[in-house]
Amino acid sequence: MQEKCSCSKEPIGTIPIMRVIDKIDEMFEKDDLQGARRVLEYWEQEAKALGDTKGLLEILSEQIGLYRKLGEKEKGLEAVDEALAILACKGGAESVNDATIYLNCATTMKAFSRADEAIKYYEIAKQRYETSLPKDDYRLAGLYNNYATALCDLHRYEEGRRCYEKAIEVLKNKGGFCEVAVSYVNLAHLVYDEAQVTGKDSDDEIDKLLEKAYECLNDESFEHDGNYAFVCSKCAPAFGFFGFFNEKAELEKRAKEIYENNRK
84 MQEKCSCSKE
94 PIGTIPIMRV
104 IDKIDEMFEK
114 DDLQGARRVL
124 EYWEQEAKAL
134 GDTKGLLEIL
144 SEQIGLYRKL
154 GEKEKGLEAV
164 DEALAILACK
174 GGAESVNDAT
184 IYLNCATTMK
194 AFSRADEAIK
204 YYEIAKQRYE
214 TSLPKDDYRL
224 AGLYNNYATA
234 LCDLHRYEEG
244 RRCYEKAIEV
254 LKNKGGFCEV
264 AVSYVNLAHL
274 VYDEAQVTGK
284 DSDDEIDKLL
294 EKAYECLNDE
304 SFEHDGNYAF
314 VCSKCAPAFG
324 FFGFFNEKAE
334 LEKRAKEIYE
344 NNRK
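Residues in the sequence shown are numbered consecutively from 84, following this note's numbering.
These are computed hints drawn from the structure, not numbers from a lab.
DMTMM-like mimics (lysine to aspartate or glutamate), calculated; alpha carbons at most 25 Å apart, straight line:
1) 347 with 105
2) 137 with 177
3) 257 with 298
4) 173 with 206
5) 336 with 308
6) 173 with 200
7) 317 with 115
8) 317 with 219
9) 203 with 213
10) 173 with 127
11) 347 with 303
12) 209 with 164
13) 317 with 242
14) 152 with 236
15) 173 with 124
16) 152 with 112
17) 158 with 115
18) 255 with 213
Bear in mind the structure is a predicted one, so any value in this text is a computation, not a measurement.
All chains should be built: construct the whole structure from the sequences, respecting the hints.
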């Protein structure tokens with residue numbers, strides 16, 4: 084990625100970043116991605132006008148994730164490029180928050196078929212997370228999940244499997260996180276991809292992983308909120324891919340109902 088530094092301007096004010104984040108979180112609860120986009124693009128310009136580099140970096144991080152969800156490669160990679168430049172000006176991952184932005188950048192690069200470039204940024208995030216966070220911190224599970232998807236793209240299957248297993252261990256030990264279902268369906272894809280290379284019969288293992296994922300999503304202790312809806316919508320395509328069409332339809336139905344209810 085080409086890193087263009089934008090952190091040399093003297094600040095003359097700051098944007099209300101927490102209010103902005105609260106606003107877009109409300110929009111995500113309703114699956115209003117275009118509304119979130121408009122808010123973020125407005126405050127991106129305000130942050131630049133004020134010379135608020137810290138606020139701009141936070142906005143860029145949110146945009147990076149949003150453009151990934153929207154599938155907008157050019158805009159997503161442009162935001163990644165700018166965020167990485169600001170982080171480079173700062174001196175790298177000086178904090179867990181910086182590491183989270185590196186992770187977000189890497190995940191978007193991977194999503195747009197640049198896993199080979201993304202790896203070094205995953206590793207920057209991994210180093211900071213593992214040295215600064217408790218071993219059972221939820222954020223480590225997010226790191227391991229996303230890092231594993233890139234490792235899988237690069238056919239580093241054994242490393243990817245270990246990362247997924249670490250994510251599952253963290254999430255199960257913490258309890259109360261429906262995201263463990265994402266780890267299971269991602270691991271199912273890894274098993275499938277590896278089997279395509281090795282010729283190994285993987286059907287039974289895949290079925291068991293999907294059964295565990297669905298069992299997790301049926302846990303009645305989980306609040307059916309916007310995050311649960313997002314996890315359902317994220318897992319549904321995997322069930323369809325592997326022929327679990329009834330489960331796919333049910334997860335899509337749950338997500339749709341939650342988002343519609345949140346819009347009322």
